[in-house]
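With the hints as extra help, turn the sequences into a complete structure.
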Amino acid sequence: MKKFSKFGLSRRTFLAGVAAVAAVGKGALKPASVEAAETADSNFKGEFVLSESYADKALVETDLLIVGTGFAGLWAGISAYDKGIKNIVMVDKGSIGNSSTASLTLGSTDILYPSDSKEKWLEEYVKGADYLSRQDMWEDLLSTSYSRMQKLQSWGLKYDTVHRLISDGNKYISITAGAEWNGLVLGKAVVGVLLNELLKRKGIRYYSKTLITQLLKENGRIAGAAGVNRVDGNSVIFKAKAVIIATGQCSFSGQHALMELQTGNGYALAYDAGATLNNMEFLTFDIDPGAYGLEGGSLLGAFGARVLNRKNQDFMWKYDPVNGMDAHVRLSTRSMAREVKEGRGPIFLDRTQFCYSLAGQYFWKGLLPDGSWQKTNEVRLGELGHDVTKRLDPFYAHSFGIIGAVKANVDCSTEIPGLFVAGITISHDPGKIKGAESARAMWSGERSGETASSYLANAPDVAIDADQARLAMEFAKKPLDISGDLTPSEVLWEIQKAVFPYDVSLLKSEERLKKALNRIYEIKSDAAERMYAKDPHELIKYHETMNMLLCAELFLLASIERKESRECHYREDYPKINHTEWLKWINFSKAADGTPHIAFERVPIENYPLKPNEGDL
Amino acid sequence: MIEILDQQKCIGCGTCVEVCTKDVLRYDDEKSAAYIAYFDDCQTCYNCEMHCPAEAIFVHPYHRDKVRPW
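As they're listed, the protein sequences go chains A and B. If you're matching positions, the first sequence starts at 1 in the working numbering and goes up one per residue. If you're matching positions, the second sequence starts at 1 in the working numbering and goes up one per residue.
Hints may contain errors.
[Claimed, not checked] If you want the ones that stay clear, here's a sample from chain A, every Cβ over 12 Å from chain B, calculated:
1) 154
2) 288
3) 291
4) 522
5) 560
6) 578
[As the list claims (entries may be wrong)] Simulated coverage check for chain A against chain B, where a stretch passes if three residues somewhere in it have a Cβ under 8 Å from a Cβ of chain B:
7) 90-103
8) 133-146
9) 251-263
10) 332-345
11) 380-386
12) 502-514
[As the list claims (entries may be wrong)] One-sided excerpt, in silico: chain A residues whose CB lies under 8 Å from chain B:
13) 47
14) 230
15) 290
16) 373
17) 375
In case anyone wonders, no lab produced these hints; they're calculated from the structure. We treat Cβ as the ideally placed atom computed from N, Cα and C, and that holds for glycine.
Structure (structure tokens):
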């Protein structure tokens, strides 16, 4: 078996020898003594950062808590530190950096080069999202885009600018691919270079395997957060004047490859703390075989792959005569669902021509180098006798994530003083254009770090009273005491069965959405009574499952409310876009009785540079 | 999904446990070796295998059964 050579072969640990944080005594919360983190290794090779440990009921004090360590969280740490915030804690429910979904992807991103037209790009993004974009955020993102590329380059990252692809039916927006750094490739290279920069900034503390379960407030301001360790079950209170949430989206622990970490935790944290969520009706889909993973499947069409129905018809040309399978992924996934609905399913992926074509060879060599997840996966499949060049594989539209998220200002601040959001956790644009999500992550990561540092310059000190801390830690660990008979995995399976059928999520109708919502309420009621966690590992899954139940409820409620079709939200009973009535966001906030309160917010289109055509309004 | 974690080859460095994205792997203090604790949660990300310095891990590309849209 060929061995991977792109990763360091010796165990390298960083920030080693950091003292454990002491437990807080009964009742009173006392700051634990924390030894300063040791000097970070400046020759970080992309292995891992060793976490600090903590005893049960520990108190960790910091100025800024950053939750999530993907492109956004890491960038936020660098940016806040460089703006003067030295006391930073970074938390991840998995491994710092390594478990970010971004690190497992192609890592390609949209970069607006000086020779590109900002106006043209903006137009394509906004039209692509059917005008529900936050155009003010796009303006800020695009204006600062190239400066981030220059920073990445100055840190040593190489993006192979030769591999600029134009896709999704666009003429101008291009995606820059082929990231490389220190022997690492693609998403791991980007995370590697960001983590390396962060580690150069001394004194930042890292906590892995820790799920944040609740945000804590004092007098309406953020005062910190409670969390729990998935290995030893120890609970912890982070006292922090500001929190940045950069925890990705909700794919319902998806069917698509590498999306299982996307459990909507950041959405639930912010919502429970009083923030607003919107664009929750936009559950995006991508394509993959399902039996095995395929990252970047929507790029395959550009390189000669085809999707076939049961009758062996290359049907995508019927839906998009210009682009065929290279159509926008929202159209290809919806078209696959239509073929199935009309009795021509199942659907197959045909790469028999693709793999032998010059374009296919280019795809492999240029976009998927040795050491990438996708290349590794395909080589391994071949070695095991599953030759994708010689067979047709069943092919599906798989949930990628609800692209709606936490409502924020253009500077990434939320309605709650001290709470900031970044990455896909910020509500920005319901469109799905390749490379836009990583561009958003880097922009909002950088911007949220800057805004948080300005906030901290004037923020009053915060206190967490002992009762609040005790209740939050009890909440984090309570599922361990429940004697139930449903595991989180069993509950999740039921959520997925309610949400994932194509005639609920891809081809929506009021009747089917309401039926699915009723099923979610039943599952919620069952889960409240019967779901339990037998150990700390299951405890984290318990909290994730509860968060996904909330996201399922909001997804279905929003989908029922939006009586039109827009972007990936397609209603069979309202198949047309309706700018007159629906150029608005559906906002959810948690009402006093705990139920979701729905409000509508008009898109301030008159203040934006791009507007739908006169005739459309 | 992860198929093999060979405890004979494992040198007990704990790297795979730390880099596992889904907390599938745990460390056995008595054996000074990693083991597969939560097999069903593996998401086939290859992190453990790629980082293992002892070639003790093999990840199979096939996923577990998932809920399909059709």
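Evaluated hints:
Non-interface status of residue 154/A relative to chain B is upheld: no Cβ of that chain comes within 12 Å, the nearest being about 27 Å off. Non-interface status of residue 288/A relative to chain B is broken: a Cβ of that chain comes within 12 Å, the nearest being about 10 Å off. Not every beta carbon of chain B lies more than 12 Å from that of residue 291/A, the smallest distance being close to 6 Å; the non-interface claim is violated. Listed as a non-interface residue, residue 522/A keeps its Cβ farther than 12 Å from every Cβ of chain B; the least gap is roughly 17 Å.
The beta carbon of residue 560/A sits about 19 Å from the closest Cβ of chain B, which is more than 12 Å, so the claim that it is off the interface holds. In this structure residue 578/A is separated from chain B by more than 12 Å, as the shortest Cβ-Cβ distance comes to about 26 Å. Restraint check on the segment 90-103 of chain A versus chain B: 4 residues with Cβ-Cβ distances below 8 Å, three needed, restraint holds. Counting residues of the segment 133-146 of chain A whose beta-carbon sits less than 8 Å from any beta-carbon of chain B gives 0, not enough to reach three: the coverage restraint is violated.
For the segment 251-263 of chain A, the stated coverage by chain B holds: 5 residues have a C-beta nearer than 8 Å to a C-beta of that chain, and at least 3 were required. Check result for the segment 332-345 of chain A against chain B: holds, 3 residues qualifying (beta carbon to beta carbon below 8 Å, three or more required). Requiring three or more residues with a Cβ within less than 8 Å of a Cβ of chain B, the coverage given for the segment 380-386 of chain A holds, as 4 such residues are present. Coverage of the segment 502-514 of chain A by chain B holds [criterion: at least 3 residues with CB-CB distance below 8 Å; count 3].
The beta carbon of residue 47/A is positioned within 8 Å of a beta carbon in chain B (closest approach about 7 Å), and the interface hint is therefore held. Because the smallest distance between the Cβ of residue 230/A and any Cβ of chain B comes to about 5 Å, under 8 Å, the interface hint for this residue holds. At a threshold of 8 Å, the smallest CB-CB gap from residue 290/A to chain B is about 6 Å, leaving the interface hint in force. A hinted interface residue such as residue 373/A counts as satisfied when its beta carbon comes closer than 8 Å to some beta carbon of chain B; here the least separation is about 6 Å, so the hint holds.
Because the beta carbon of residue 375/A sits about 10 Å from the nearest beta carbon in chain B, more than 8 Å, this interface hint is broken.
When the structure is compared with the earlier hints, violations turn up for hints 2, 3, 8 and 17 and for no others.
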